[in-house]
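Q: Listed here are the chains, written in short residue letters.
There are 2 protein chains.
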Amino acid sequence: MTAALSDKLKALLDTPVFVIVATVQPDGSPQLSPVWVKRDGDDVIFSTTLGRQKEKNLRRDPRVTVLLQPFDAPYTYAEIRGTVTMSTEGGQELIDELALKYTGQKYAEFNPRSAEDNPRVVVRVTPRKVVGRL
Amino acid sequence: MTAALSDKLKALLDTPVFVIVATVQPDGSPQLSPVWVKRDGDDVIFSTTLGRQKEKNLRRDPRVTVLLQPFDAPYTYAEIRGTVTMSTEGGQELIDELALKYTGQKYAEFNPRSAEDNPRVVVRVTPRKVVGRL
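These protein sequences, in sequence, are chains F and S. Going by the working numbering, the first sequence opens with residue 1, and the numbers climb by one from there. Going by the working numbering, the second sequence opens with residue 1, and the numbers climb by one from there.
Be careful, since some hints might not be right.
In silico SDA-like cross-links for lysine to any residue, where the CA-CA straight-line distance does not exceed 25 Å [what the hints assert, rightly or not]:
{"hint": "1", "chain 1": "F", "residue 1": "56", "chain 2": "F", "residue 2": "108"}
{"hint": "2", "chain 1": "S", "residue 1": "129", "chain 2": "F", "residue 2": "106"}
{"hint": "3", "chain 1": "F", "residue 1": "106", "chain 2": "S", "residue 2": "73"}
{"hint": "4", "chain 1": "S", "residue 1": "8", "chain 2": "S", "residue 2": "25"}
{"hint": "5", "chain 1": "F", "residue 1": "38", "chain 2": "S", "residue 2": "34"}
{"hint": "6", "chain 1": "S", "residue 1": "106", "chain 2": "F", "residue 2": "38"}
{"hint": "7", "chain 1": "S", "residue 1": "56", "chain 2": "F", "residue 2": "74"}
{"hint": "8", "chain 1": "S", "residue 1": "56", "chain 2": "S", "residue 2": "83"}
{"hint": "9", "chain 1": "S", "residue 1": "38", "chain 2": "F", "residue 2": "61"}
{"hint": "10", "chain 1": "S", "residue 1": "56", "chain 2": "F", "residue 2": "29"}
{"hint": "11", "chain 1": "F", "residue 1": "38", "chain 2": "S", "residue 2": "71"}
{"hint": "12", "chain 1": "F", "residue 1": "8", "chain 2": "S", "residue 2": "101"}
{"hint": "13", "chain 1": "S", "residue 1": "10", "chain 2": "S", "residue 2": "124"}
{"hint": "14", "chain 1": "S", "residue 1": "56", "chain 2": "S", "residue 2": "126"}
{"hint": "15", "chain 1": "F", "residue 1": "38", "chain 2": "F", "residue 2": "108"}
{"hint": "16", "chain 1": "F", "residue 1": "129", "chain 2": "S", "residue 2": "18"}
{"hint": "17", "chain 1": "S", "residue 1": "101", "chain 2": "F", "residue 2": "108"}
{"hint": "18", "chain 1": "F", "residue 1": "56", "chain 2": "S", "residue 2": "129"}
{"hint": "19", "chain 1": "F", "residue 1": "129", "chain 2": "S", "residue 2": "7"}
{"hint": "20", "chain 1": "S", "residue 1": "56", "chain 2": "F", "residue 2": "133"}
{"hint": "21", "chain 1": "F", "residue 1": "106", "chain 2": "F", "residue 2": "96"}
{"hint": "22", "chain 1": "S", "residue 1": "56", "chain 2": "F", "residue 2": "28"}
{"hint": "23", "chain 1": "F", "residue 1": "106", "chain 2": "S", "residue 2": "34"}
{"hint": "24", "chain 1": "F", "residue 1": "10", "chain 2": "S", "residue 2": "124"}
{"hint": "25", "chain 1": "S", "residue 1": "129", "chain 2": "S", "residue 2": "7"}
{"hint": "26", "chain 1": "F", "residue 1": "101", "chain 2": "F", "residue 2": "61"}
{"hint": "27", "chain 1": "F", "residue 1": "56", "chain 2": "S", "residue 2": "128"}
{"hint": "28", "chain 1": "S", "residue 1": "129", "chain 2": "S", "residue 2": "60"}
Hints are computed from structural coordinates only; laboratory data are not their basis.
If we strip away everything but chain F, and leave its shape as in the complex, we get:
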């Protein structure tokens, strides 16, 4: 079962808004990190690298929760609970597209140390439920 995003939530995800991604640690506790994001229909897409904690967590347990709290309207927010699929295909293109959206630069210009990073992973979140005020 999938859930639809509201028009307002879609419009916000199309702006350079930071979202918080929560994954499940091996011990069952939550792991949180902020990420850049883009949208494809009702899916939310972010980038990580092979072997990073959230990638390892999502490989083991594909359930993810994403929180969007606009910096300029912090009393409105949305929590998107979903399930991910992951692929390294298009990983470099995605991080460059996100870097351009959020910083106006290619990722290698924004973060020169990224040359040493593991291969990038495309993480696609398909919403199962949306709660909150957006």
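Dock chain S against chain F, hints included.
A: For chain S alone, coordinates are given in the frame of chain F:
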């Protein structure tokens, strides 16, 4: 085992910064919500109400993760993993103190509908581990 907060993280928690709290749903997936916060030594304190989803989750599983991402410095953030203790004692005083810190008003003035809320709960997070860039 408890972890200490850095001086920078302590100073930030003393400002009206929003943090994101993650709890564990009955099915093991993460549940996220933004909260107001204060600090007591290395403990992070927030407010909820009896019966709210995060209160029910924390009663069942006291593990919590808190993410602080300053709106004006979004590339620096800290993730605080900890364990909570909860009490209704001082619950109304805490929400009024937090409302004053974040809005300059008493809570009943900021949120008139709160008169219908269940009793307030003080949630004290004792850090077990701090990761990130603060």
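Q: Would you mind marking each hint as holding or not holding in the structure?
A: Taking the hints in turn, this is what the structure says about them:
no., hint, result
1, F:56 to F:108, "holds (24 Å)"
2, S:129 to F:106, "violated (34 Å)"
3, F:106 to S:73, "holds (20 Å)"
4, S:8 to S:25, "violated (31 Å)"
5, F:38 to S:34, "holds (21 Å)"
6, S:106 to F:38, "violated (38 Å)"
7, S:56 to F:74, "holds (24 Å)"
8, S:56 to S:83, "holds (14 Å)"
9, S:38 to F:61, "violated (33 Å)"
10, S:56 to F:29, "holds (15 Å)"
11, F:38 to S:71, "holds (19 Å)"
12, F:8 to S:101, "violated (29 Å)"
13, S:10 to S:124, "holds (15 Å)"
14, S:56 to S:126, "holds (18 Å)"
15, F:38 to F:108, "holds (19 Å)"
16, F:129 to S:18, "holds (24 Å)"
17, S:101 to F:108, "violated (40 Å)"
18, F:56 to S:129, "holds (19 Å)"
19, F:129 to S:7, "violated (38 Å)"
20, S:56 to F:133, "holds (21 Å)"
21, F:106 to F:96, "holds (5 Å)"
22, S:56 to F:28, "holds (17 Å)"
23, F:106 to S:34, "violated (31 Å)"
24, F:10 to S:124, "violated (35 Å)"
25, S:129 to S:7, "holds (15 Å)"
26, F:101 to F:61, "violated (29 Å)"
27, F:56 to S:128, "holds (21 Å)"
28, S:129 to S:60, "holds (21 Å)"
Of the numbered hints given earlier, the model fails hints 2, 4, 6, 9, 12, 17, 19, 23, 24 and 26; all others are met.
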